[in-house]
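Going down the list, the protein sequences come from chains A and B.
Note that this note's numbering gives residue 329 to position 329 of the first sequence, counting from 1, and the numbers run on in steps of one.
So the number in this note's numbering is just where the residue sits in the second sequence, counting from 1, plus 1000.
Any given hint could turn out to be false.
Here are the simulated EDC-like cross-link-like pairs (lysine to aspartate or glutamate), alpha carbons at most 20 Å apart as the crow flies [said to hold, decoys possible]:
1) A/LYS312 to A/GLU12
2) A/LYS156 to B/ASP1019
3) A/LYS156 to B/ASP1017
4) A/LYS312 to A/GLU327
5) A/LYS156 to A/ASP138
6) A/LYS156 to A/ASP106
If the Cβ cut is set under 10 Å, some of the chain A residues that face chain B in the computed set are [claimed, not checked]:
7) GLY77
8) ARG97
9) ASP106
10) LEU111
11) TRP115
12) ILE120
13) LEU131
14) GLY133
15) VAL183
Read the hints as simulated data drawn from the structure, not as lab findings.
The beta-carbon is built from N, C-alpha and C at its ideal position, and this holds for glycine as well.
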Amino acid sequence: MAEGRIVLEAIEASRSFDVSRPWLQRMVAREGRRVLRAVDAVSFAVTVGRTLSLVGESGCGKSTVGRLAVGLYEPSGGEIRFEGQSLSTARAQPALRRRMNMIFQDPYASLNPRWRVSDIVAEPIRAFRLLSGRDVQDRVGQLLTQVGLSPRDGEKYPHEFSGGQRQRVSIARALSSEPEFLVCDEPTSALDVSVQAQILNLMRDLQARMQITYLFISHNLAVVRHMSDLLGVMYLGRIVEYGPGESIFAAPRHPYTRLLLDAIPDLGMAGSTRARTPVGGEVPSPINPPSGCTFHPRCPLANARCRAEVPKHTRDGDVLAACHAVEEGRGAG
Amino acid sequence: MSAAAPRAPGALARWWDSDLAYSFRRSPVAVAAALMLLVILFGAALAPWVAPHNPLDLASLNLMDSRIPPVWDAEGQSSFPLGTDDQGRDILSGILYGVRISLVIGVGAVLFAVVVGIAAGLLAGYAGGAVDAVLMRIADIQLTFPAILIALLVDGVVTAALPQEMHERLKVQVLIFSIGISFWPQFARTVRGSTLVERGREYVMAARVIGLSSGRIMLTHILPNVLGPVFVIGTLTLGLAIVTEATLSFLGVGLPPSSPSVGTLIRIGNDFLFSGEWWMTIFPGLALVLLVLSINLLGDWLRDALNPKLR
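Just chain B, same shape as in the assembly:
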């Protein structure tokens, strides 16, 4: 209703006025989840400045500091707020650096899956016929396996194919690739479905009449119209991807203890759970839960907010 409003109020102001922003402000769960996520994101992004210690610097570790309980315990020390592990590594610092790696891998894997999925979905939906049949059967077959199994398999094969000395250096890239590969079918199927609908619309026909190439029609006309659901699935898949990475690291095929992710920390701590040193595994676990929970709550909100039937 702002027909007479002055032009170009700026992207931020326009966003604040949008339906989506309104629905965000009205949802306390979404706001809480976003705040939580922001805190975690800041902590992870600024880890080198906010963390009390550098867990990646092995020289700074002191075995004398090992197995110190959290600060509120009688034996706790103020320099290790959440205690230390068996190597004398500060748990809080480990979590901050670990969340950082987990997020990088999670976001990287989802972006990879989104790019592959969108490309396959657009191609299958727009070209149809044999291309569609082949791409979608590959996706169907992959969907019959659990994603974690695919990720485990791809990770194993890629790692075996790489020379020994590159394993540690390329571990993050390998994980992004193997987790990303295991999630592309969801995106491909969604994009294909929307593409089938959009392809039959008259605006696509109008573009074909003036002789635009199929590639240009897919990228400039269809792609912007199929991105909505991709955002929702992307957000929800981010939570899954982070959990998958944590699971792989927990199983010992993920990141090594020298550059631990949250999953690696949980695995290390797991060995000491029954000897009473619960903080080593509970705190990283809690961090993982909060991270994934806030992402999923935001994803749920986004799904509902973008669904016109639920308005």
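Next up, chain A with everything else stripped away, as it sits in the complex:
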């Protein structure tokens, strides 16, 4: 996995949000500030032309990681590096900023309803002054063709398209500045299953053709399996298991990963000898996370140590897992 130049690297990156109530109410209720740790010391590295997927339940901080990765948020601890430079330094330079972009989850909210599609797609081209005059329209036509639309669709407004078509427009916009790194924040979760596959195949096609690096965020393991080279499983702001996708899908180490894999209703797994461990419960609040390993209230393998001590990442083969049980060798299914 070590081949290739590292495009994006997170080093112990954290991000907290102040979710305190307004000052007056805090004074009246005599409570302090409240901080939500959305992302807690997350580390990863994506090499050129590869896909790192982040999976996890909603509220686990995966979208926050995505926004950190394109600089929409500043990390409140640790560092994110783009091409070896700190991201905030990199984003200060338009030449580097041009090389990253983002595809969003909701194709109904990610396109400005008052703009023509050609203007939407051309926006990054104009913002970075890559082309001018007629060349812009020619390039927009090319881009629309590339994502499977017609150049004449540029005349239309977003509401004239279906969800899948809008997502294609969104991809065309993301590609228009010829980025090398794309954050895809649940790009298919708002789409019909039949359309999801088309969009995913389109994205893989484009990756193969243009050597784009993806940070792919999803809660859908089937989608992730289709897309990823590297996989990070997130739980409550931490990456609990991190490694090559095939290794993790073949032999999940962390009990949470196993829970997620078991939850896929997959016919191929019907005859599997692996014991299914049904784990109930909700994700605890990240404002007041459980002590020790944050997964312990839902974990079938939890013991006293898990409740007290935060697990460190330990290497098992080419996979990193943050779990006392894995480290101690108990419960390795």
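Starting from the known structure of chain A, fit chain B onto it as the hints suggest.
Same frame as chain A, but now just chain B:
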């Protein structure tokens, strides 16, 4: 459903086909109000050509013509269809010129309020935090006073600050400013609310990812999406602004009798109401009612037509 239609049918034809135009054609009240407004607008715009006399030309006044009743009265004269006032000024001409001034001030004041309100609302909604708190508290405080009081106050202060000889010359601008200032909070609050919604949308995030400046995002992305409600409030406020101007003129702090607005005419006529010369005040009053009514009816229709829940 015109997917296969030939391209670019022209802006007017597209408008005629739009939902809004359809709802307009279906509403007899809106059509009637629009026709009424058109008649008034034409009369006001073409006042120098359609009015039988020039009320601004003091030299043409003849005291012999004063207090002539409307033409259908036994003492009426055909050259003064709606009668004359105590100075011998033709009422109809006065109304046409007066409506013209009232409209200029009303539209000017609303435009001023819209510009200030949109700027404040966008800034407060997009920047949030202290900027939002300060701007919105100013708006809240202003909203606790009646608009007419603010307009009266601002008008008084500005007039006092200006040198004496500029009072008459700048009266229209002063009125536009003071009435406009008294109506900006409504626009600011509406725009701020819509901005808060739009700011969280992903298209704004997409613009931020490529590094567009906040100003450019506000103007090119958010502004076009928050204008809908501004149109509705703008139309309804136009009626209010015209009434406010008329009230100020009626109270004597608006336009002077030498260049009367409708409000000034009503005030002049008011002195003669009880001596039987009712036409001096009733006709300008009627003109004001028709003008404001047609604007408000159009505003109501627009509000309903743009409200998706009422479709």
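Consistency of the hints with the structure:
1. A/LYS312 to A/GLU12: With a Cα-Cα distance of about 12 Å, the restraint between A/LYS312 and A/GLU12 holds, given a limit of 20 Å.
2. A/LYS156 to B/ASP1019: Since the Cα atoms of A/LYS156 and B/ASP1019 sit roughly 17 Å apart, the hinted pair holds (cutoff 20 Å).
3. A/LYS156 to B/ASP1017: holds, 16 Å
4. A/LYS312 to A/GLU327: holds, 9 Å
5. A/LYS156 to A/ASP138: Answer holds: A/LYS156 to A/ASP138 is near 16 Å, not above 20 Å.
6. A/LYS156 to A/ASP106: holds, 19 Å
7. GLY77: Check failed: Cβ of A/GLY77 comes no nearer than 22 Å to chain B, outside 10 Å.
8. ARG97: This interface hint holds because 5 Å falls under the 10 Å limit.
9. ASP106: With a minimum Cβ separation of about 6 Å from chain B (threshold 10 Å), the hint on A/ASP106 holds.
10. LEU111: With a minimum Cβ separation of about 6 Å from chain B (threshold 10 Å), the hint on A/LEU111 holds.
11. TRP115: Holds: closest Cβ of chain B sits about 8 Å from A/TRP115, inside 10 Å.
12. ILE120: holds, 8 Å
13. LEU131: violated, 15 Å
14. GLY133: Violated. Min distance 19 Å.
15. VAL183: holds, 8 Å
Of the numbered hints listed earlier, those contradicted by the structure are 7, 13 and 14.
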